[in-house]
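J.: Going left to right, the sequence shown walks through residues 1 to 316 as the working numbering numbers them.
Heads up, a few of these hints could be off.
As the list claims (entries may be wrong) - Simulated crosslink set (SDA-like; lysine to any residue; CA at most 25 Å straight-line):
1. 226 x 301
2. 226 x 242
3. 226 x 292
4. 61 x 50
5. 61 x 79
6. 226 x 266
7. 61 x 15
8. 226 x 243
9. 226 x 188
10. 226 x 187
11. 226 x 174
12. 226 x 239
13. 61 x 30
14. 61 x 45
15. 226 x 238
16. 61 x 21
17. 226 x 240
18. 61 x 44
19. 226 x 96
20. 61 x 10
21. 226 x 252
22. 226 x 295
23. 226 x 270
24. 61 x 1
25. 61 x 119
26. 226 x 255
27. 226 x 144
28. 226 x 291
29. 226 x 278
30. 226 x 160
31. 61 x 35
Said to hold, decoys possible - Now the in silico label distances, taken between C-beta atoms and shown as ranges:
32. 299 x 255: 19 to 27 Å
33. 52 x 94: 50 to 58 Å
34. 308 x 214: 31 to 39 Å
35. 59 x 299: 43 to 51 Å
Please keep in mind that the hints were generated in silico from the structure rather than gathered at the bench.
These numbers were taken from a predicted model, which means no experiment stands behind them.
The C-beta atom is built at its ideal place from N, Cα and C for all residues, glycine as well.
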Amino acid sequence: MRIVAVLAFDGVVAFDLTIPAQVFAAARHADLSPAYEVRVCADQPLNATAWDQDLFQISPKYGFGGALDADTVIVPGGDPERLPDPEVLRVLRAAAARGCRVASICTGAFVLAAAGLLDGRRATTHWHLADQLARDFPGVEVDPSVLFVDEGDVLTSAGVAAGLDLCLHMVRRDLGAATAADAARAIVMPLQRSGGQAQFIEHRDPEGDPDDLAPVLQWMLDNLDKPLTLADIAAQAAMSTRSLSRRFRAGLGMTPLQWLLDQRVRRSRELLETTGLPVERIARTTGFGSVEALRHHFARQVGTNPRAYRATFRSP
Numbered sequence: 001m002r003i004v005a006v007l008a009f010d011g012v013v014a015f016d017l018t019i020p021a022q023v024f025a026a027a028r029h030a031d032l033s034p035a036y037e038v039r040v041c042a043d044q045p046l047n048a049t050a051w052d053q054d055l056f057q058i059s060p061k062y063g064f065g066g067a068l069d070a071d072t073v074i075v076p077g078g079d080p081e082r083l084p085d086p087e088v089l090r091v092l093r094a095a096a097a098r099g100c101r102v103a104s105i106c107t108g109a110f111v112l113a114a115a116g117l118l119d120g121r122r123a124t125t126h127w128h129l130a131d132q133l134a135r136d137f138p139g140v141e142v143d144p145s146v147l148f149v150d151e152g153d154v155l156t157s158a159g160v161a162a163g164l165d166l167c168l169h170m171v172r173r174d175l176g177a178a179t180a181a182d183a184a185r186a187i188v189m190p191l192q193r194s195g196g197q198a199q200f201i202e203h204r205d206p207e208g209d210p211d212d213l214a215p216v217l218q219w220m221l222d223n224l225d226k227p228l229t230l231a232d233i234a235a236q237a238a239m240s241t242r243s244l245s246r247r248f249r250a251g252l253g254m255t256p257l258q259w260l261l262d263q264r265v266r267r268s269r270e271l272l273e274t275t276g277l278p279v280e281r282i283a284r285t286t287g288f289g290s291v292e293a294l295r296h297h298f299a300r301q302v303g304t305n306p307r308a309y310r311a312t313f314r315s316p
């Protein structure tokens, strides 16, 4: 069983602290046995907060020693103006030195950076504090526009709910799309947001209802294999192409064709992970039409080619 250690410290953000527990505890093997053991680690009772309010005290079951044999160590968010707990920094450096995967949620990136684990790496944090992270740690390549960043053995996520996306992504990396999808359903979370999706979405066009796009989104998913154009989508939505594009940008932070491309890549990943279909068949099924087009867009979004991805992530 994989061990996930969540490091707690005084002033830890309560929601960030509980995200890994909810997600990883929800991940189950085919026989419904737990896939992970989650340990919340701290050496003394501490205050958990929301924004600047102390909410309650917690007494973690494990001391920091509980992280010594963990496969993944996660740092939740806290006050970036407060100096990190030296013991937390020590545990993180030791984990990284032995090849353990380390990750942060929201402002936990400041702690990873203070431990020297983000130097020369791309990382993200809450959009409101991204500039501060870049100023405080100039050796970090801060990307404020994404939900999470996967650098292999070091991962960072944006603010608040983006921690859910990051943890589900790690489950998917470990156990495949089907297990991650089951975990997402268990916590009532859509397994659709990719790491490259914008973390800050502008206010919705006041002309539109939040549910207005749902029918056309489902229609697009049902017709991924077809060569859909912007005009086709607009006709299905009974809108002009201009109005449709404005609604998509307001509601989803991207254009209709960008959303369609994201869904095609996402569906390709699921088929590569969960089926033995030939790559040529997957290219047709997901609307790319050719293996060359699938390879091009897959490499841009995922950073590898479909066959290599399957070899790494296909579920047993």
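J.: Would you mind marking each hint as holding or not holding in the structure?
T.: Checked hints:
no.	hint	verdict
1	226 x 301	holds (21 Å)
2	226 x 242	holds (22 Å)
3	226 x 292	holds (17 Å)
4	61 x 50	holds (22 Å)
5	61 x 79	holds (23 Å)
6	226 x 266	holds (16 Å)
7	61 x 15	holds (18 Å)
8	226 x 243	holds (23 Å)
9	226 x 188	violated (30 Å)
10	226 x 187	violated (32 Å)
11	226 x 174	violated (32 Å)
12	226 x 239	holds (20 Å)
13	61 x 30	violated (28 Å)
14	61 x 45	holds (10 Å)
15	226 x 238	holds (19 Å)
16	61 x 21	holds (13 Å)
17	226 x 240	holds (20 Å)
18	61 x 44	holds (10 Å)
19	226 x 96	violated (45 Å)
20	61 x 10	holds (15 Å)
21	226 x 252	holds (22 Å)
22	226 x 295	holds (18 Å)
23	226 x 270	holds (18 Å)
24	61 x 1	holds (19 Å)
25	61 x 119	violated (32 Å)
26	226 x 255	holds (18 Å)
27	226 x 144	violated (34 Å)
28	226 x 291	holds (15 Å)
29	226 x 278	holds (19 Å)
30	226 x 160	violated (36 Å)
31	61 x 35	holds (20 Å)
32	299 x 255: 19 to 27 Å	holds (21 Å)
33	52 x 94: 50 to 58 Å	violated (31 Å)
34	308 x 214: 31 to 39 Å	holds (35 Å)
35	59 x 299: 43 to 51 Å	holds (48 Å)
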